[in-house]
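Chains as they are written, first to last, in our numbering: chain W, -3 to 293; chain S, -3 to 293; chain C, -3 to 293; chain X, -3 to 293; chain A, -3 to 293; chain V, -3 to 293.
Check the hints yourself; a few may be wrong.
List time: in silico DSS-like cross-link candidates among lysine-lysine, alpha-carbon distance up to 27 Å [stated by the list, open to error]:
| no. | chain 1 | residue 1 | chain 2 | residue 2 |
| --- | --- | --- | --- | --- |
| 1 | C | K219 | C | K175 |
| 2 | W | K175 | W | K187 |
| 3 | A | K187 | X | K(-2) |
| 4 | X | K175 | C | K33 |
| 5 | X | K219 | A | K219 |
Hints in this document: simulated from the structure, not taken from any laboratory.
Number of protein chains: 6
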Amino acid sequence: MKLTLTPQILRLIDSALDEDRVGSDYTTLATVPSSVKASARIVARQDLCMAGLSIVQSLFRRFDPSVRFEVRYRDGEWVRAGETIISIGGMAHALLLVERTALNFLGRLCGVATRSRVWSGELRQAWKELPESERSPHSPRLVDTRKTIPGWRELDKYAVLAGGAGNHRHDLAAGILIKDNHLLAAGGVPKAIHAARERAPHSLRLQVEVTTLAELGEAITAKAEAVLLDNMDDATLTTAVVRCREAGVLSEISGGVTREALPRLAAIGSDLISCGALTHSAPNADVALDFDRKAEK
Amino acid sequence: MKLTLTPQILRLIDSALDEDRVGSDYTTLATVPSSVKASARIVARQDLCMAGLSIVQSLFRRFDPSVRFEVRYRDGEWVRAGETIISIGGMAHALLLVERTALNFLGRLCGVATRSRVWSGELRQAWKELPESERSPHSPRLVDTRKTIPGWRELDKYAVLAGGAGNHRHDLAAGILIKDNHLLAAGGVPKAIHAARERAPHSLRLQVEVTTLAELGEAITAKAEAVLLDNMDDATLTTAVVRCREAGVLSEISGGVTREALPRLAAIGSDLISCGALTHSAPNADVALDFDRKAEK
Amino acid sequence: MKLTLTPQILRLIDSALDEDRVGSDYTTLATVPSSVKASARIVARQDLCMAGLSIVQSLFRRFDPSVRFEVRYRDGEWVRAGETIISIGGMAHALLLVERTALNFLGRLCGVATRSRVWSGELRQAWKELPESERSPHSPRLVDTRKTIPGWRELDKYAVLAGGAGNHRHDLAAGILIKDNHLLAAGGVPKAIHAARERAPHSLRLQVEVTTLAELGEAITAKAEAVLLDNMDDATLTTAVVRCREAGVLSEISGGVTREALPRLAAIGSDLISCGALTHSAPNADVALDFDRKAEK
Amino acid sequence: MKLTLTPQILRLIDSALDEDRVGSDYTTLATVPSSVKASARIVARQDLCMAGLSIVQSLFRRFDPSVRFEVRYRDGEWVRAGETIISIGGMAHALLLVERTALNFLGRLCGVATRSRVWSGELRQAWKELPESERSPHSPRLVDTRKTIPGWRELDKYAVLAGGAGNHRHDLAAGILIKDNHLLAAGGVPKAIHAARERAPHSLRLQVEVTTLAELGEAITAKAEAVLLDNMDDATLTTAVVRCREAGVLSEISGGVTREALPRLAAIGSDLISCGALTHSAPNADVALDFDRKAEK
Amino acid sequence: MKLTLTPQILRLIDSALDEDRVGSDYTTLATVPSSVKASARIVARQDLCMAGLSIVQSLFRRFDPSVRFEVRYRDGEWVRAGETIISIGGMAHALLLVERTALNFLGRLCGVATRSRVWSGELRQAWKELPESERSPHSPRLVDTRKTIPGWRELDKYAVLAGGAGNHRHDLAAGILIKDNHLLAAGGVPKAIHAARERAPHSLRLQVEVTTLAELGEAITAKAEAVLLDNMDDATLTTAVVRCREAGVLSEISGGVTREALPRLAAIGSDLISCGALTHSAPNADVALDFDRKAEK
Amino acid sequence: MKLTLTPQILRLIDSALDEDRVGSDYTTLATVPSSVKASARIVARQDLCMAGLSIVQSLFRRFDPSVRFEVRYRDGEWVRAGETIISIGGMAHALLLVERTALNFLGRLCGVATRSRVWSGELRQAWKELPESERSPHSPRLVDTRKTIPGWRELDKYAVLAGGAGNHRHDLAAGILIKDNHLLAAGGVPKAIHAARERAPHSLRLQVEVTTLAELGEAITAKAEAVLLDNMDDATLTTAVVRCREAGVLSEISGGVTREALPRLAAIGSDLISCGALTHSAPNADVALDFDRKAEK
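When you get a sec, could you build the whole thing from the sequences and use the hints?
See below:
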């Protein structure tokens, strides 16, 4: 996979460089002659799923257009603790100015990708280990939510994909999701679905949040294409998922999904499980930039 | 405490609204008449330290200038799970458009503030529980690092302060921190310190990273004002901290500081303990926006 | 309807003010004392569908916060030639600086809304006039495309809605539309559909462009949810639309749709007809700002 | 001619890429492997005047720096329907992401240029066909107005030049144009002209809008350098133009100028004819991007 | 006079607040409780011409919307050393955060306005003191150039106007000024003038730079509307100015104009004297913000 | 030295190009064919200290990527009047569009650098000429202030360094400077120092402004690390500086420092002398761009 550096991402990069005052790094300006060259390696300090290569490269290239890279791992690949991800050779000033910004991007992107990789892997594994007779035709798909760090929507969703999990709707314009507040204002499930069908782009699936089997019934009758099963107990979820499958409606389980819950949810067999913690609470992956001992002259 | 909405933060807010396409929320446009009013509460779903009130208010005010707030908790205050943080009354469209963006800001800011509050409290408590004869004159101060989410430097550092922990240097222009790579290029500790003193603003303290007691000795001799003790074992740290105190040099312990390590580090008694995990890996606090059942006409 | 002034739209407004150098209007500065007040009316010089009220108001308010408006028509309403849309009273300088920018926004927005209103009305009328036995259950829905003026996506799509036509996908993230080039790279219709289903968000409908009945068959078999019938002759279109209806697949007619073609296409009875000319070639509506003769002192 | 990519134009390009979410094109990401190469041609589907080459090139280059172009037509050249304007070879992803944005820019720029070329050509031709004794020394010059699409001032005015018509003042700082509202506030033509001469930069010509021959007389007496003859009937226009020529004052005819009116206006023989429809209502030119059938591996 | 806060100026203000890190003023945050109120006065420490009131007000209002002002002097007015320009009452934090930024804007704007006022006054006075028989009909007008601080074009030119001097062309689009390099490329004065007349907007006067009387003759013959007399000795200037007056061509003296030279140049009697030092080298005016001793509670 | 082109500086460059309308230079477009090449030299018209090379190069490269430079002087080097700083060869259009913007940047940057070089040299020289027994161990260091042109903080501070003077704190986050207003709100020197030490980052030195010897005593007792001696007479200053030296506290003289005062202040022997006039009132250096007579074809 390869991240597209859109204008919005480039503005975020600019913002990161500005906030760290990279042009006024007094320590480096005072102690390192501007002609010194250096080489360094970005190293994984833990097992991780790589994500963010093109941002890292663009950061170093920006202040040293002739910087050289030796890329060992690309986005989506698994890196073992201790491995070098990329080697970098160039002007010492450029490396020092950008070091922290590059690691901050990489640490977060790999953090989200790694959690996505591990959790989606565990979900699939749990499903596989179910007796074939008791499991759904496909493993549920683990997807993200819109609970991303403000300013990071594109990057967080990219990292989820790099980790092998899936994206839920990208933004408010990229899906219809009728929640309880909409239902209240619209006057119930059938009216809300009808209104949405009338006005929303046909390119969007129509999904409704339901909290009871009765509401689920209404949604199916009104031809919802997907439902979000919110905060139901396991028995209700199981019934709901079966009804959805029979009606050809996509089922999504949502609400406080934790790593520990994944095996249990795998057994329920919904089409989708959405999980905010993939993005809003993924710990950074531990990555470091180690300079080679011998500075080039 | 009160966050200053600087231009940089306002641009981040704009970026968050843009990335969620708040102007094209087809679900809301299709199902909720634009004249409907609503009231809602932002509720803590866990114990948390509040941070981010002014961002939340500015978000709702932006699309409904006459929105009314009832503020229960201000930045820096502790909120118990289940408590309402703020009540909001205004146009339903405005509330729905901004809901997720507001919660994403609040969840992260409170997440960082909460970890800062809890961890710094535990550090102080561990220090207090030491026999007076064995403890340093003051509790070590827990401070953040520059390991913040790109684009979030100001917000992350603000949340750390709101939580009651301290800030390390804000950016590259706001402190001198001579690391091993600088030492290498400058030709050792004395030369690096001399060079920095010559050229850096006098408003900045001069701190040097040392990894051995020998380097520490050099730093003290060369009149460093602070040292960063990197990756030393506890015995070495203890010796180093004592020497710093004798020499009137600030001592900072750094490197992979975890919650579990805090009591142990409290006993060593350095002036400062810096911890990247306050910002780079704080899980979001769980906050939600609950609409009041009865939509106003 | 009411336009949400998103950050992106506000940036476009800024750009429009910058490009007209509103701060250096030498004519006004030289000839009109800064204390003079004035009142004016924005008048429709042709029949038109109103769109853009909130932009107009924000422009005048910006340079005269105490400006007064008397709004006669809101977005989506039909205005007869000669009618006053809005009356404005405030500082003469503010009115003069912003006049052209306001009219340029309004002229284009009303232009797109008016064409959308007229063309979608004619389509519906043509469908109504068909013998009931020969017509489709619903009138085809006239929708826009992504052929909008660069920088104007949100505004153009809003104006189409204000005019009563519908939106196709908002952007590349808001719909799956597999075209011939994707088919080529993916290795045919079934493979492409399978790949898209695997990786794309479930919030998006899966639409495929087909040019022959054979491809249509493949798409139906592979469970496409919508098809885009591109450049087929009327007989083929008629057959294709029937097959789609039988298979429960949405049908969209696309390609060079003109006003003249609408009655003919109404008879074919597809679910959707998409038309780039709604946005890319709508002539501006003729609106003017007339100052009241008597300048207030 | 060659368009200069100013910062303002680059921001518009960024805005266009952002609004189309080019980084999240799920269709392409799901169906086309990122290593696939492709070649394509941008083709004129109608006769048109070319404008916008450098924008198109910069768009493709942005996401594939090694893209190759074979340019057949440059800005200002006339292209026959069916001709290839430019051939492009590069990464399929880059081509697909940018395709619509590139065509949207090109379609509008060529649309404005084409109308400018055709209409100014017809005006000149009509003038040429007049008996030499009855025609003015030079053909009137067809010029644009400030009625451009907001955000597009630079591009619209460039396209007019590319088409061979002329520019009126670029913005409020780039010309003095005293209109009726200024006259009202200033207390009549002589006072307004005097005030403008006192305060405005000498680099700007002083033009006054007049609606009667009496006002024209005042303007000439007060040494206006140009007049805008607004909404006069043909007889009055003819008289006015003659008086202007005698007085050495530039004459401009303005107000609702249509294609049909050009021959009639040519006969009146003013120096300038300004026409908002060149920019505010030019239909897009029909251009398409055709992929070559055989995708490269 | 009143400055219009255009988007470009607002961005400059944002940039100034960002670069001073107003959200992280550790001194104020640590020593001043956020509830403290204060009052202060901006005081002139030298005689000066006021310019920049609206920027100062917008800065304080931004961080304290309820701040109160008592305005004593408006833009364009002369302030004696020691006088209070404006009194301000509001939150102490807001006052302290913005103090330096406000003074930096004000100091520069008043600096440029003051020099413009003084120098243009001295020029007029010198002209007045000439024997009527030896002086030109009007005093030459002192005007600025495009030698402004990058990012400050609008502000610098506004301050010049506030000081009572005049503006030369605002930017490259707001005037035709054919210099020696253009002449070289165009093939001489007549060809250059012809080419410019053909293509440039008629709203712009056509000015040519000449360095000899021969070139001046060519320019007059080719009907230049203004000339820039560059680096001529006084005798040549005197001859040139007379010829211009006879030909009805505006004459501008330019090149290294100093305060000392103004009386001498007044005697030559050109229409215009342009002077880069009004903007590029005006020393800041000395303004200070004095807090009232008694902080309000 | 070499300036780092940070995002903030790049935005300033964009702003400068926008404000000069470089894309609509009608003079050049009309008179110079776009294929003409030219060569030119930037020449010092006075003795100056060079600063700003990388901005100049980036400006020309932007509109002509293949432009060639021959660099004679780099930032920080002294250039004699008449010397060529850099030779440039490329497209005539690019040179003409950017000429004024490049000179405006260069003129200001060299102006600040030159004043910094000259004044700091004179200070050092005056110190050297003192009898050794009467002078301080080191020459006072001349430093700038935050009195920079809004938008130019980074550039102004860089130019000061290029000239060989020093930087005071970069911004509000990069130093603690407790002034009289803070003292007032905090309740005196000891309380203010205590509060700052509690909350401000340890990376910042703690400096206090004092106006009397009594306050100085308080500051020393409370362990201030630096003091700013504001508006004291010479005798008081001399006493204060001695006390500071004895206490190991840095002393800074501030307030209306002029070139004439430097020798007198040198004799007082403080550690630092801060001077706003280095940045807020430095006259531009006189630089020009001379085209070589023979335009290349």
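To see whether the hints hold, each was checked on the structure:
no.	hint	result
1	C/K219 x C/K175	holds (16 Å)
2	W/K175 x W/K187	holds (13 Å)
3	A/K187 x X/K(-2)	holds (22 Å)
4	X/K175 x C/K33	holds (17 Å)
5	X/K219 x A/K219	holds (17 Å)
This entry satisfies every hint, going by the numbered hints stated previously.
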